[in-house]
Every structure is written in C-alpha cells, then in structure tokens.
Amino acid sequence: MKMYLRQAATAVRFLLFATLVLGVLYPLAVFGAGQLVAPFQANGSVVKDQAGNPAASALIAQVSADGSGAQSPEWFHARPSAVSWDPASSSASNLGPNDPKLLDAVSTHRAAIAAAEGVPVTDVPADAVTASGSGLDPHISPAYARLQVARVAAARGLNPGDVQRLVDLQTSGGAEAFLGQASVNVTLLNLDIAAAANRH
Amino acid sequence: MVFSAASVITQIAVLLVALFLVHKPLGIYMDKVFTGSRSSKPERVFYRLAGVDAGTEQSWSVYLRSVLAFSAVSILVIFALQRLQGVLPGSNGLPGVDPWVAMNTAISFVTNTNWQTYAPEATVGIFVQMCLLAVQNFLSAAVGIVVAIALIRGIVRAGTDRLGNFWVDVTRASFRLLLPLAAVAAIALVIGGVVQNFWSTDVTNQAAGVSQVIPGGPVASQEAIKVLGTNGGGYFNANSAHPFENPNVFTSLFQVFLILLIPSALPYTYGRMVGDQCQGFTVAGVMGALWLASTALMAWAVASAQGTATTAAGGLGEGFEQRLGPAASSIFAASTTLTSTGAVNVAHDSLPPLAGGVAMLNMMLGEVAPGGTGSGLYGMLVLAIIAVFIAGLMVGRTPEFVGKKIGPREMKLAALYILVTPTLVLVFAGITALLPDAMANAPAGGPHQFSEMLYAFTSGANNNGSAFGGITSSGPYVSAALGVAMLLGRFLPIALVLALAGSLARQRKIPVSAGTVPTHGALFGSLLLSVTVIMTALSYFPALALGPLAEGLIQ
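Those protein sequences? They're chains A and B, same order as listed. Everything in the first sequence is counted per the numbering used here, starting at 1 for the first residue and increasing by one. Everything in the second sequence is counted per the numbering used here, starting at 1001 for the first residue and increasing by one.
Chain B on its own, in the form it takes in the complex (with noise of 0.2 Å):
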C-alpha cells in the first residue's frame, strides 16, 4: 500500500484549518449553553416529565449523586434490557445478551469506553443498538461535558458551595449541543454513503451465483454520535472500518474532524467562562502541540511498516482498507486514542508495532490531547494544577491557579486523580500477566501477548475502547476485570474532580499578584506538557518497554 506524507500533512493542515475556524463560534455557543439561565419550552415540558427540579443547583458532593445515580440506573436498565432481548422487539432474532457480555457492555457504553466484547452483528438487534447503545453515546459524552463545565464553575465562583445543576446541564449538553450537531453529521454522512434504513436487502452476486444479504440498520445516526461524543462503539464490528461506517477516505477524514470538534473547542469556552482568554488558548496550545506531535509519531511508526509477517506481506496491508490507506489510518488511530473515542480505522492490532505502542502511549497520556467531551479538558485542567504546583515549589511560592489558591486539599484530590488510571492499568495488567488461563484470551505469543493485554487495560481505564482485537474479553475474567476498570477509570476521577470543584468554589478570589505564577503563556505551556510527558512516561515507561517496545526493538 502506499503510504504517502503528503496525503498525512495534507490531513493534518485540513483538520487543522477546519478546526481552528469553528472552535471560536462553537466555544461562545457552549459557554451560553451552560451560563444560560432560560430553559426553552421544550426544556421545561422535558423537566416536569422527569422530575427534575430545574431552579436548584447542587452542591459539589449533590451533583456527584446525581452523576452516579444517573449511571447507575443507565447500566442497570441497559443490562436488564439486554438480557431481556429474545422477547423484545427488535432483537432482529437473536437470543438475550450473555450475561458477562451484558454487565461489560452496559459499563462500557454507560462510562464512555464503548470497549465491545461482543461483534454486533451477531448479539445486538436494532433496539440495543438504537435505544440503548446510541442513546449513552449522547449520554455518557454529555456526562463529560457538565463534569468539566462543573470545575470551570468551581474555578470561577467564589464563596459559594453551588456547581450548577446535573440533570439541567445534561439536559442542555444532550439537546441543544450533541443532538442539532449530530443530526447535521448523520446527514452528511448518509449522503457520503453511511448506511440509514431499518431493513436488509437481498442481492444476487453473480461471481458466485449465490445470494448475498446486505446488512442495514440505522448507522448513520449513531455513527454521527459515536465519534461526536468520543464514544467509538461501531455499529458493526470492524467499526469505522466497516466500508457502511466509512464509506471513503472524505468521511474517514470527517469523522476525525467530529471527533476532535467538541474537545478542541471546550478550552475555547473555559477561557471564556473564566474571563481570560488565554488562559484557554496556553490549554489548546497544549492540546495541540501532543496531538500534532503524537500524529506524526504515529505516521513515522506506521511508515516503518515493521514486522516480519508485514515485511513477508511487502508492505503495508494487513488490517488497513485499500479504500482509506495508511494514511488516513495513521490520522485515524493517532486521533481516536488521544481522545476517549477508540473507534478505529484499522484493525489496531496488526499495525507496526511501534505505532500500536504510540496508540498505547496516547490512551497513557490520560486522553488529554485534546481528549474526550469533557474528560479531555477536565484531565488537563487537573495536570495545569500540578504543574502550577510544580512551579510553585521551584520558585518558593504559594501555588494559585486562575485566583485561586492551591492547598493542600486542592492539591490531593489533583496527586490522587492522577495516580488513578496508571494504578488500575497497571495493576490491572500486571495481575492478569501472572494469570495464565487469563492470558490465554490473548492468543499472540511473545511481547505481543502482553501487548494485547497491556492495551485492553490501558483502553478499558481510560475510557478508550478500541483494542487489540486478538483478544478474547467475553470470558468471566476479562470482561469483569475490563469493567471494574472501566467503572472505576471513569468515576473515581470524575469524583476527584467534582471534589476539586467544590473546594475551589468556596474559596475567596485572590488576586493576582507580583508573586502569582501566570497560568498562561508559552512558558507555563511548556512546564504544563513536561509535567504531561514525564508524569506518563514515569508512570508507563517499563509496561511499554515490556510490550510494544520490546517488539519494535528485537528486529
């Protein structure tokens, strides 16, 4: 196959482009979806539906019940639902959910990761995948959004213990952000070629003179969602490969456009919302700069075309579309694992085995470049208070971030969320590697068993989701150790969070002084990716070096 550097510098100025022009307008419209204080009509009638009592806001540790308890009953009705199929409509003829692929998937879709244990094709009918799966990839990705816009608040409140309201931010979140805006690319996306009808069609191939059924079911829909809410749960298994996914390399491109949208545009209305501007734009400066070097990381390990089945092969082939090409794959899987999206273009476990390590890397990165709805910014907006604290003790100064001040309690629940994620993966990871009958889920001999099973962890704390799918994760083992991951890589961290936003809130403004570290600027920009780079790289360096790096190396 050819892979061509102009065709990846091309991708990279157009998404480039095409982001920097709609992440003003977008930043301004999400800032008034959240300050607003109108509910529409709409919205009013949909609050006395639910129950919801719109006019109170919530305290941080209130608005953390809501999110859970929200959860909560999502994963349980959702595996209630699954398990129930065979005797619902829409089960498209398949049986109920095996009980271990329902727990699994009902967390997985609830916490964002879309990790699929099970090929949809063969377990899931039209109602699980439109009534139940699509409705938490709005859900989950608006979840993430109103946890981040929660601490924005507690940065910029003072003296007050209020963060808002969790079901009216959701609400807003799911109707007037994800919903008009996946409409609008389900549509485009049907015209490029994804898939829209409730019906199969038979067709006569006449090569073999044998029928062929062409699958259908509504795709665009939840497609259009999948990658908006970084969630990355394919309604066919091969996911965004699946030529009724992504049908050419334009909607391949788009739907890398949609995935990076909303994350690259939140710090836009962080900055907004805190009344500084470039407190906002030194955080998408990050944000960018990881991405922008991640993706030619990626590019550069899958242009290697390493490997000696790949060498055999001569070249390039294995797992990529001949549609797409390496490529567009390259700008794909570098887009989907700096994000908490994991759906994939390319069949992740037979790429290069360095570049399967930069996808690893990126999940490790803890999502931030500009990562998931919500998760991505709350993520770094946590690692500039480390750094800030960092900075602090190099020039002997009390640490304040954006007028306020950096104590002790701020300063544990920031440490604590970031020890999280590497805890469970590696923990995670390192138990299961002592496990025999657990490692024989991953069938690959060698640094790439490890690999798979390093990467199924890494994905399934961090929310990805994608996979090295050689491994088998439907067994009681797995798929309950992936989802006790799963549940404490989302929540743990969203509590920390709420946690952080709450104690920032009751805090009086300080101003800024002669002694304030600025929280902007090139300089603390640097000091904010070193302090991502080296917190990843200490934390992952010998998982990796035991995985893809021991992989890419031999040879």
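Just chain A, with the same shape it has in the complex (with noise of 0.2 Å):
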C-alpha cells in the first residue's frame, strides 16, 4: 500500500511538471514560433476585401446564402455542408454509402444544382452533391465550377470568359493538383468576383 501511494505520488508531480513544459511551454514556443515566421497561416489564413476588412478564411468556406436562405446567384456555391458552413463546428454527415437519407440528399440536391443552373441533372459533378468530411471545405472541382459560371456572370453582369479566367486563377495545379486532385477554392474565388463586379 505504502509502495503504491509513493508511486502515485510520484505521478502526480511528474504530471503536474510535465504539463508546465509539454502543455504551456511547449504551446507558447510554438505559438512564438509562428507569430515570427509565418504569422499569416498561424492567425488563420484571414484574407481582407478590397476595402481592407477582414472577409475570409482562405481556408474556410463560407455560406452563399441570403438573409432567406435561398442560395444567391451572384455567387459561386461551396459544397453541401453537414454543419451549414459555420466554423463554430465541423462534421461530415456521417452517412453509410447505401444509407436511404444519402441517397434522398443527394438526389435532392442534384435536382435543385440541375433546376438552378439550367443544365441536365447528369451534368452536375459529384463534389457539388455531396457533404465534405469537415463540412468547412472551401473547394469544389472545376467541373462543378464550369457549371456556375454562366449564372454568376449573368447576375453580375460580367463577361463569362472573364468569370472563368477568375475561375481559372483560383484552380490549383501542378504537385497539389496530381497529388490531391484539381481544385477551385471558393472562397478566394468570390472574393475576386466581388472586385471584378466593382471594377465593371
């Protein structure tokens, strides 16, 4: 009994000294760290609109959505979202592959994508019907962003071939792309349609 009270004991002060350097030291020295050599990404990727305010996460998508809901045209959309694209969580939608609610959801969703678009439903790619993993991805497949140029460039008034040279601006390639696979952020991406809309 005397044996193991002096080994928990121990434990505790082991505990309590270790968490001094492994839980605030160490968190702080990293922090520090990343203040100093890249103080952009450690602070969350916050990227400002024209007028200098903050807008965005690069990393985050955002609703597209207005004050009803309805998804607006003026700009393009992220993918379905488990969470509604608020980053005070993240989830997927956790559904098996042969689950029944999957399948309405994304029956659901093609048929709005399609209607909204004015393209057949076998036209819309499968990222544009399906939740991400974090519910936060910003980044649709230039398929599914093809899609929605023409829309965007009408409501905005600009040209299509300029909306997808934008488009195109924000698709990522070389190593990211063959690793990963060719992506088109969002987020970034209305951003630079909301300047374009100014300067037109």
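Note that these hints are calculated values from the structure, not bench results. Quick caveat: nothing in here was measured; it's all calculated off a predicted structure. There may be inaccurate statements among the hints.
[Claimed, not checked] Derived SDA-like pairs (lysine to any residue); straight-line CA-CA distance at most 20 Å:
#	chain 1	residue 1	chain 2	residue 2
1	B	Lys-1041	B	Ala-1054
2	A	Lys-48	B	Gly-1051
3	A	Lys-2	B	Ala-1050
4	A	Lys-101	B	Gln-1277
5	B	Lys-1041	A	Phe-178
6	A	Lys-2	B	Met-1439
7	A	Lys-48	B	Asn-1197
8	B	Lys-1041	A	Lys-48
9	A	Lys-2	B	Gly-1051
10	A	Lys-48	B	Asn-1205
11	A	Lys-2	B	Asn-1197
12	A	Lys-48	B	Thr-1204
13	B	Lys-1032	B	Asp-1202
14	A	Lys-48	B	Trp-1199
15	A	Lys-101	B	Pro-1443
16	A	Lys-2	B	Glu-1057
17	B	Lys-1041	A	Lys-2
18	A	Lys-101	B	Met-1439
19	A	Lys-101	B	Ala-1440
20	B	Lys-1412	B	Pro-1422
21	A	Lys-48	B	Pro-1443
22	A	Lys-101	B	Gly-1315
Two chains, two frames, some hints: make the complex.
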C-alpha cells in the first residue's frame, strides 16, 4: 500500500511538471515561432476585401445564401455542408454509402443544382451533391465551377470568359493537383468576383 | 472526384523513400536515448521536482506498477479537471464536461486511443485541450515506447530482474524524443497553414452580408503530437479533414509521414539493441509488407466507389475533402488504422463498404504495421514469439527467440496477449448487438448498423480512436463499455508484455546452435506475416462477414 502511495505521489508531481513543459511552454513556443515565421497562416489565413476589412479565411468555406436562406445567384457556391458552413463546429454527414437518407439528400441536391444552373441533372458533378468531411471545405471541382460560370456572369453583368479566367486563377495545379486533385477555392474566387464586379 | 492511381503510387513512393532515409538515424538516436546512462542537467532538476529516484532500476512488476499508477493518476486528474472546466480559466465559456463524456475522454487520451465521444468545439476550451489532452498526447505515446523498450531490454539482458526505470524512460521519451520532433513538425505545419494562436477572428462574409467567426487555438502544437505520437484526437471535430488541421494535400502527406515515423524506426532501434540488425530488418520488412498490401487494398476498395448513394452522387464525394481528394484520403485511412492513430481526413462512415472493412481489418491485425508508437513493435514481437513457437512445433525443437528459450510461461503470456483484444472486441460487440437500446446509438440500418458498432469496439479495444462517426457514444452504456474496452485493451497487453520482459530477462542466454530456428530472413518473415494474417482472419472473419463484407458483397 505504501509503495502504491509513493508511486502515486511521484505520478502527481511528474504529471504537474510535465504539464508545465508540454502543456504550457511547448504550445507557447510554437505560438511564438509561428507568429514570427508565418503569422498569416498561424492566425487563420484571414484575407481582406477591397476595402481592407477582414472578409474570410482562405481555408474556410462561407455560406452564399441570402437572409432568407436562398442561394444567391451572384456568388459561386461551395459544396453541401453538414454544419451549414459555420466554423463554430465541423462535421461530415457520417451517413453510410448505402444509407437511404444520403440517397435522398444527393438526389435533392442534384435536382436543385440542375434547376438553378439550367443544366441536365447528369451534368452535376459528384462534389456538388456531397457534403465534405469537415463541412468547411471551400474547394469545389473545376467542373462544378464551370457549371456556375454562366449564372454568376449573368447575375453580375460580367463577361463569362472573364469569370472563367477568374476561376482558372483560383484553380490549383502542379504537384498539389497531381497529389490531390484540381480544385477551385470558392472563398477566394468570390472575393475576386466581388472585386471584378466593383471595377465593372 | 478524381481517384488517381498515379497519385496513390507517388505518395506511397514518397513515404517509403522518406521513411527509409530517416529510419536509421532516428533508430540510432532512440537507442542512444534509452541506453545512455547520463541524465542532462534539466532532467536532473525535473527528477528532483517530480520526486523520481533516477538511479534505481525496477523489476517488471514495479515497472508495471509505475505505468498503472501514472495512468490512473492521469485519468483521475483529467476527469476531475474536465468536470471543473466551468470554474477554471481557459474554458472559452464552456461548462463542466458531462461525467460520462469526461470519463470516456480521460480514459481515451491516457490509453493513446483518443476516441472522441464529444465535439471539441462545443465541449472543451483551450485549457482542457492544451494542458490536459495535448499533454497526454505526449505521455501516452511515451508510455507505449518505453514498454517496447522494456521488452527489448528483457530480450537483451540475462540473469537479472531489472528492466530499467519507468520514470526515467518516460522522461527521456517525452523530452529527448517526442518534444523536439513535435516542435519541428508543429512549426512546419504552421507554415503549411495550420492555425496556432489563442483567439478567434471576426470576418464579414460579403456573400451573405453576415459576420463569420474564424476559430483559433493552439492547433498546430497539438496536431504535431497527435500524429507523431499515433494519438489521433483532433483539435476540431472533423479532425484532419478540418482545413485548419490539415490545410492541403502536402500537410496531409506530411501527417501520414509523422504517423509512420517513430513506429517504422523502432525496429532499427530493436535490431541495434539486441546486437543483430537482421532481427530489426525482418520485423520492419513484415511491417512494411503488411502496410503496402493493406494500403493497396484500401486504395482499391476506395476506388471501387461502391454504394447506392455513392453511385447516385456520380462517384466518391460524401465525406471527402475536395482539396485532399480520394487518393490522399485512402493513404491516410490505411495508415491511421494500421497504427493506433485514428486521426481521419475523410469520414470513414461514408467510405465504400469494403474500404470501411479494410479500416477495421487493419485495426484487427492488432495495429502492428507499423503500429502505434511502441505498441506496434511489442505487438509484432509477441507475434514473432508465437511464430517461432509454431516453427518449433513443426520441426520438433524447443523454440528460442533471440537467445532466449520460449518456455511454457513465455508462451502463456504471449498467447494471452493475442487473446485480449479479439475477446474484448467480439464480446463487447456481441453483447451490444443484443441490446436494442444500445444499438439505437448507431442509426444506420442493416449491416451498416452492425459495422458502426463493430468499428467502435474494434477501435476502442485496439486503442485506435477513429470511428464510423454516425454512432452516438456519449450515452452511459456506450461510453462506459468503450471506456472498459479501452482500459483493458491498453493495460492488459502492457501487463503481459512487461511480465514477458521480466521472464525473459531472468533467463541466461543460450548460444545459437544447429537446432536454432533463425528468427530473421525471408523464411521467418513470411511465417510471421502468415501467423499475423491467419490469427486475425480466424478471430474476426465471422464478425466482418456480418458487417462490411455483407454490405459490400450484397450489390
């Protein structure tokens, strides 16, 4: 018994001092180093709009619906989200590949997107109708972006060719696209679209 | 989404080359960490503060008692401080954690499982994340490593009952090995885009004309040790699928590298410590072959894109991150379940049925390819003892392993070790399947419902921590049952390994003779591989047939 108590006392003191190093000093040191070498990334990759106000994190999706919840035609839309694109939480749908609820959700998304973009349902790519693992992924496939170009251009009074060029500028390439897949960052693209519309 | 076989092959090649390049220097370094007799000045100060008598070595039973005392104290402290979160600083306005959740979480992080029955964003503030959970990311990984080192010492030493000093070993594993590696990895992750601050940022979303709160937190520091220590508990609910934990395909590949780093270098340390590098290479070769086969199987199963909903969607997408893609996610899913990590960058619940089945199979292999930090190596060494016993039976010789006789006591301990996790998984999953109220926590119907429950207990008992996320595990029954599975799945094997180490250390060395079955080389390697696979298949095939195989083969 005495031996157990001695071990337990050592354990308590060990845990306390280990916590000071591993749970306080270490994260503070990484914080300091991060603020020195990569403050932009360390603070959430926050990007500003034309007026210089913080507008988004380059890594996080944003809701593009207006107050009534209807998807606004002036913006590119991100993929469906199990958390309504709110970074206060993060989650996938966690529905199985044969789940009837997922089948329903996919079909509903497909019909809605086909109607909104004025294309046949078969033209809607998989990423457009499926929720991402985090619910916060701002990226879509180049195919889904292409699908949205005509609508956004019309709603903004922009030339579709110019809008497609903005899409291309926000499309990943090179090693990133090879190891992963070519993706369009909708959050950054929408900032570019707003800027282009202001200039217009 | 695009599934690119070229990308899978490239990522496998990059990982293999990178791990090959570092395994030798890291293996040598780890040997020096644990065989060096000198303590540094800061370590001596630390020992004095903690009340550690660094000069005395412990017998296996005292070593085990230290493991248990340390873990019990850690569990109690983490449980209590989570309950008190509401009155402590750094709570981010969150109340005390629910008792069942707090209990499950305390056990989960101390056992290196990091099963998360809670959504971190809504449950735990910065204090709990940084000072409790992240600390256990270091310490539970260190405990796994030192138990493996104690087993190696048992093999190396002769005629002694001393296995080393647990407190000294954990101190060195934490501060000489994990801390510097984690610090470098964390800074690399920050540069890659992972967040490391202590505040959130308000931005104005132009599209919706509303403000959006961009979360912050000490994420990179936790992320680094989460993967390096094969822990897997995410700072955010979505884990490595979250853009702030895993911003792009490069950080994703880097995280897989960190997951595999220590477990794949430990065989080199083992070979060096026993003075026969062929032993280390054989173990590493078996681990590598299993990893490669399983990763290829996972990629194939993901590429199949099976499932009615998946087909209706026009292919893979549900649960996948567009920026990472299915290739990077299949690599990640294989490595996280072949080790005791359990971090995820794709929702495993939404994977094609056979891919979910491969994830379960990986954990059922006992997480030995290359396995958790330390636990992978001691698991593989126990399997090697079983293999040498079987080889001994075949040729009618007394089995020997690296100069030690494998007698009845050693065999009993090894056989018990092999029985622990299958028993826990199958008994708990079996009992739970008979309880309708408990099964209601897995809302999917049919074979997928059983898969969700089987996955949970496989993950818990093997200390993995990944999940089919559709399951709700915060209720009393599931969180308690998983808590027991995690505890027994961690500490029974550790107790058996340390007893085995003690019993091996007491023996005299026996010289290699003409009758010794060599425990290195391709022949023994294939035997070890077969034993691992056959043992797993015999234990788990019926259960797998009811879940993922049924779901995957119905169509």
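Consistency of the hints with the structure:
1. B/Lys-1041 <-> B/Ala-1054: Holds. B/Lys-1041 to B/Ala-1054 sits at ~13 Å (cutoff 20 Å).
2. A/Lys-48 <-> B/Gly-1051: This hinted pair is violated, its Cα atoms lying about 53 Å apart.
3. A/Lys-2 <-> B/Ala-1050: holds, 18 Å
4. A/Lys-101 <-> B/Gln-1277: violated, 54 Å
5. B/Lys-1041 <-> A/Phe-178: violated, 49 Å
6. A/Lys-2 <-> B/Met-1439: violated, 44 Å
7. A/Lys-48 <-> B/Asn-1197: Distance ~19 Å between A/Lys-48 and B/Asn-1197 Cα, so the pair holds.
8. B/Lys-1041 <-> A/Lys-48: Answer violated: B/Lys-1041 to A/Lys-48 is near 48 Å, above 20 Å.
9. A/Lys-2 <-> B/Gly-1051: holds, 15 Å
10. A/Lys-48 <-> B/Asn-1205: holds, 10 Å
11. A/Lys-2 <-> B/Asn-1197: violated, 44 Å
12. A/Lys-48 <-> B/Thr-1204: Holds, at roughly 9 Å.
13. B/Lys-1032 <-> B/Asp-1202: violated, 48 Å
14. A/Lys-48 <-> B/Trp-1199: Cα-Cα ~18 Å, so holds.
15. A/Lys-101 <-> B/Pro-1443: Distance ~11 Å between A/Lys-101 and B/Pro-1443 Cα, so the pair holds.
16. A/Lys-2 <-> B/Glu-1057: holds, 19 Å
17. B/Lys-1041 <-> A/Lys-2: This hinted pair is violated, its Cα atoms lying about 30 Å apart.
18. A/Lys-101 <-> B/Met-1439: holds, 18 Å
19. A/Lys-101 <-> B/Ala-1440: holds, 16 Å
20. B/Lys-1412 <-> B/Pro-1422: holds, 16 Å
21. A/Lys-48 <-> B/Pro-1443: violated, 42 Å
22. A/Lys-101 <-> B/Gly-1315: Given that 20 Å is the threshold and the Cα spacing comes to 17 Å, the pair holds.
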